[in-house]
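Residue-level listing of the chains:
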Amino acid sequence: MHNMSMVSLQEIVDAFNLKVIYSAKNLDDIMISVADVTRPGLQLAGYFKHFGPDRIQIIGNMEISYLSSLSEKEQNKRLSHLMASGIPCLILSRHHEASNAMLYTAEKYSVPLIQTHETTSSFYASLVKYLNVELAPRTSIHGVLVEVFGEGVLITGDSGVGKSETALELVKRGHRLIADDLVEVRRVSDTTLVGRAPEIIRHLLEIRGLGIVDVKELYGVSSVKQQENINVIINLELWQEGKFYSRLGNEDETTAVLGIDVPSLTIPIRPGRNLAIIVEVAAINHRQKMMGYNATNALADRVFHSREPEEKKKQEPKYRNE
Amino acid sequence: MISKEVCFACDAETHMKSIALLIQKASNFDSSIYIEKDDRRANAKSLLGVMSLGIDSGDQLKVVAEGEDEEAAVKVIVDYMTDTTKEL
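Protein chains in written order, with our numbering: chain D, 1 to 322; chain Z, 1001 to 1088.
Check before you lean on any hint, since a few could be wrong.
Under the rule of at most 20 Å between Cα atoms (straight-line distance), these lysine to aspartate or glutamate pairs were calculated in the EDC-like manner [as the list claims (entries may be wrong)]:
{"id": "1", "chain 1": "Z", "residue 1": "Lys1037", "chain 2": "D", "residue 2": "Glu184"}
{"id": "2", "chain 1": "D", "residue 1": "Lys216", "chain 2": "D", "residue 2": "Glu169"}
{"id": "3", "chain 1": "Z", "residue 1": "Lys1025", "chain 2": "D", "residue 2": "Asp158"}
Have a look at the derived ranges for each label pair, beta carbon to beta carbon [as the list claims (entries may be wrong)]:
{"id": "4", "chain 1": "Z", "residue 1": "Lys1075", "chain 2": "D", "residue 2": "Tyr109", "range": "49 to 57 Å"}
{"id": "5", "chain 1": "Z", "residue 1": "Met1016", "chain 2": "D", "residue 2": "Glu253", "range": "57 to 65 Å"}
{"id": "6", "chain 1": "D", "residue 1": "Tyr109", "chain 2": "Z", "residue 2": "Gly1067", "range": "50 to 58 Å"}
{"id": "7", "chain 1": "Z", "residue 1": "Asp1083", "chain 2": "D", "residue 2": "Asn294", "range": "53 to 61 Å"}
{"id": "8", "chain 1": "Z", "residue 1": "Ser1003", "chain 2": "D", "residue 2": "Pro137", "range": "32 to 40 Å"}
If you're looking for bench data, these hints aren't it; they were derived computationally from the structure. From the three backbone atoms N, C-alpha and C, an ideal C-beta is built for every residue, glycine too.
Chain Z extracted, bound-state conformation (with noise of 0.2 Å):
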């Protein structure tokens, strides 16, 4: 299992999209992945889990993956949501 920490940045008016991305890209591995904030976790593949976080712009959030493909899990996720505007 492996975790890594990161400062999520989006739009405010691509807000939405930004997280549905975010549960697509997710869905490519076969890992478990989550997401924290503060104490709260959910699921990366979860739309309605990942809203339920409140997640906002300059949150700092962690995220966790376990399984075979967790390291390059880690490495999207993290690496997309460092800043999301620019794939959208």
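Chain D on its own, in the form it takes in the complex (with noise of 0.2 Å):
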């Protein structure tokens, strides 16, 4: 499920610890839903073609020392003209003094005047990147995120086909739950899908028979963690008969997530089968295929180069001086 995300303008100063000048509604309602940031130079200057009025505004040494070159008149007259597209809020950096035109303008258009310690600039990209995070795309997926050797590895699978108790003797084997049964997944960029717990359930496990579990409590901080990628999707089902399993492994299975294809398997299952020990050689084997070595491929080259011709193998190995 899709939805269009949106933060506050409230969360927004108490992730950046940012101090609020002026504000005339409560923060709370003030949602931002784009991710880009702008600084008003031109608008200031009087050009509004293709401004984008729902953008966080922040203005810096420059645009400040531009308004104070001008008369307190023009100052009243180009803020205003800023102030009255409908702007979200104006972010004044490095510790900048709101002048009397900003407050004035401010109050008028009812604008939040907030000010951050930082540089324009340093402050511009956190900001950015804060941004594209909390606003990227996300929907939640019925399954359990771990993260084995490294990968992140989501196993997914109906109810009550050994999803939980998987993951239970994964981090028995040394390693990280990150979150059981309903996993928030973001698309972070392009390329990259982030995974989390909502965190009413955070580090729960339930196991069927035995309730709730605390995996934090029981095995320690060493054996979660809050987020992490998802690298490759593992698809537990029950075995059915007559259906085909991936013998070779050389089926590139992608699963799109968010618009993303993640490398998939399914593996079925059977009484017997140890399922840990398959998804930690799921997640060795995806990285070496990453890392450019492909189990497959190499036994086809053993295979082929055995039924190559005598004389051909013979003259292969040259550098050696017989």
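Take each chain as given, in its own frame, and dock them per the hints.
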């Protein structure tokens, strides 16, 4: 399920420890839905073509020195134009204090004025990064997310198939649990998916017959992780007679999540199969493939190599002077 | 796929039990069943998933089911959620 993400101005103020100079409205009610941020230099000079009034505005040394070169009346006029366009807020960097014209126009159009101690470009960069993560497209997936040998493995499958039990055994084997049952997935870039657990159920596992188990309390901080990239998806399903299951592992199966194709495997389960070990091997094998080695291809090379004509094989080690 | 809105009713003391029974009821069906609250969705057969929604008495929820027995599933779940206290 997709939904439009938003973040409130109050959350941004809290995340960056900003100082609110002036605000008429409750900052919880001002929602930001675009990750772009603008330095309104051109707008202060009077040019408003292509201007996105739904973006956060940041002004620093340059804009402030430009404004101060103008008469008070002119400053009011320029700032009014900017404030009246419906911007969510105006952020002043480097501890700049709000001028009289800023305070006057901000009050007139009830635009919050906020101050940061950071320099303009570094604040700009961190704000854009923060917004990209917070506003990333997201979805929730029924599954278990574990980190195995550094790879984020998302285990999916029907209820009762043994996802949580597999996760528990992986934790016992020294790997880390990120989320059980429900994984919140965000697409933070065009190639990266990040998963984490909803706060209410973070680091809990449900094992049938035992109930709820707090992995962090039982196995310690080293057994859990807050969030992890999703590198591979393993789908567990009950063994169905007659269904084709990969034998060679060279079929590149992928599962699309939020528009990103994630390498995936379908593993049939049957009593007696040790799932934790299979998941471990799947993770290492995926890593090896990413490093450019594919065991199936290597096997194919050996098979075909052994069938090459005798003469050709003899020719091969040319560098050996016999 | 069918869905139905329901106002969840439970007793504060038996809150957890009510949800556990909900999971049990959902698990009896073959259909995929989901509970939605605001813009979040959880698998109704997963205890932690439903818990993560932070459901409280009086919340407006949506039950979604997809599969062969979807109609029976939605009916049973919605009936149960409308008043969870009578079955405990």
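Taking the hints in turn, this is what the structure says about them:
1. With a C-alpha separation of about 15 Å, the suggested pair Z:Lys1037 and D:Glu184 falls inside the 20 Å cut-off, and the hint holds.
2. Among the hinted pairs, D:Lys216 with D:Glu169 is consistent with the structure: their alpha-carbon atoms are about 14 Å apart, no more than 20 Å.
3. For the proposed pair Z:Lys1025 and D:Asp158, the alpha carbon gap of about 16 Å is at most 20 Å, so the pair holds.
4. In this structure the hint that Z:Lys1075 and D:Tyr109 lie 49 to 57 Å apart at CB holds, the actual value being about 53 Å.
5. Roughly 39 Å separates the CB atoms of Z:Met1016 and D:Glu253, a value that falls outside the hinted 57 to 65 Å.
6. Restraint check, D:Tyr109 to Z:Gly1067: a C-beta distance of roughly 54 Å satisfies the suggested window 50 to 58 Å.
7. Checked against the hint of 53 to 61 Å, the pair Z:Asp1083 and D:Asn294 passes, with Cβ atoms roughly 58 Å apart.
8. The hint said 32 to 40 Å for the Cβ distance between Z:Ser1003 and D:Pro137, and at roughly 23 Å that hint is violated.
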